[in-house]
Amino acid sequence: MYWNLRLVAARRGIFTKGELQRLLTERGYELSDATTSRLWSHQPHSVKLSELDGFCTVLGCGVNELLSRKPATIPVPGDAAPASSRARGGDQ
1 MYWNLRLVAA
11 RRGIFTKGEL
21 QRLLTERGYE
31 LSDATTSRLW
41 SHQPHSVKLS
51 ELDGFCTVLG
61 CGVNELLSRK
71 PATIPVPGDA
81 APASSRARGG
91 DQ
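Note that full-length UniProt numbering numbers the sequence shown so that position 90 is 90, with each residue one more than the last.
Don't read these hints as lab results, they were simulated from the structure. Remember, it's a predicted structure, so these values are computed and weren't measured experimentally. Among the hints, erroneous ones may be present.
Unchecked claim - Dumping the calculated DSSO-like pairs for lysine-lysine here, alpha-carbon to alpha-carbon at most 30 Å:
1) K70 / K48
2) K17 / K48
3) K17 / K70
What the hints assert, rightly or not - So the derived label-pair ranges between C-beta atoms look like this:
4) D33 / G13: 15 to 25 Å
5) L49 / A72: 23 to 33 Å
6) T25 / A72: 16 to 26 Å
7) E19 / A72: 33 to 43 Å
8) R69 / R12: 14 to 24 Å
9) V63 / E30: 47 to 57 Å
10) T35 / G60: 18 to 28 Å
11) R22 / T73: 20 to 30 Å
12) T73 / R11: 21 to 31 Å
13) P77 / G13: 44 to 54 Å
14) D33 / L7: 18 to 28 Å
15) A72 / E26: 37 to 47 Å
16) S37 / P77: 39 to 49 Å
For every residue, glycine included, the Cβ atom is placed at its ideal position computed from N, Cα and C.
Kindly generate the complete structure, drawing on both the sequences and the hints.
In structure tokens, the structure reads:
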């Protein structure tokens, strides 16, 4: 999975962790500075639903914008083409 918090925030004119933290607090989402820093600066291993809810509310987005799947690279047994190639229609 890819964590797209900074990209989604930038598309909405939010360019710093401090701006995001302020907006979260204004809307009643109390995330610690350490948590906001971790989620702003790194690819997290886990994200709480309450954190996702806060980000979606503040950024006016859906979870599908904050999280996106990495393309599959493991071939399906009996199929020579990787899954990402099949999704594009194979070699045409």
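Here is what the structure says about each hint:
Restraint check for K70 and K48: satisfied, since their Cα atoms lie roughly 20 Å apart, inside the 30 Å limit. Distance check on the hinted pair: K17 and K48 sit about 18 Å apart at the alpha-carbon level, within 30 Å; holds. Annotation: proposed proximity of K17 to K70 holds, straight-line Cα distance about 25 Å (limit 30 Å). With their beta carbons about 21 Å apart, D33 and G13 fall inside the hinted range of 15 to 25 Å.
A hinted range of 23 to 33 Å for the beta carbons of L49 and A72 is consistent with their spacing of about 25 Å. A C-beta distance of roughly 39 Å is found between T25 and A72, which places it outside the suggested range of 16 to 26 Å. For E19 and A72, the hinted distance range of 33 to 43 Å is satisfied, since their beta carbons lie about 35 Å from each other. In this structure the supplied range 14 to 24 Å holds for R69 paired with R12, their Cβ-Cβ distance being about 22 Å.
Checked against the hint of 47 to 57 Å, the C-beta distance between V63 and E30 comes to roughly 20 Å, which is inconsistent with it. Between T35 and G60 the CB atoms are about 21 Å apart, so this pair conforms to the stated range of 18 to 28 Å. Separated by about 39 Å at the C-beta atoms, R22 and T73 break the suggested range of 20 to 30 Å. Judged by the Cβ atoms, the range 21 to 31 Å given for T73 and R11 holds: they are separated by roughly 27 Å.
Checked against the hint of 44 to 54 Å, the pair P77 and G13 passes, with Cβ atoms roughly 47 Å apart. Distance hint for D33 and L7: a CB-CB separation of about 21 Å, consistent with the stated range 18 to 28 Å. In this structure, A72 and E26 meet the distance hint of 37 to 47 Å, their C-beta atoms being roughly 40 Å apart. Checked against the hint of 39 to 49 Å, the C-beta distance between S37 and P77 comes to roughly 43 Å, which is consistent with it.
In this structure, the hints that do not hold are numbers 6, 9 and 11, in rising order.
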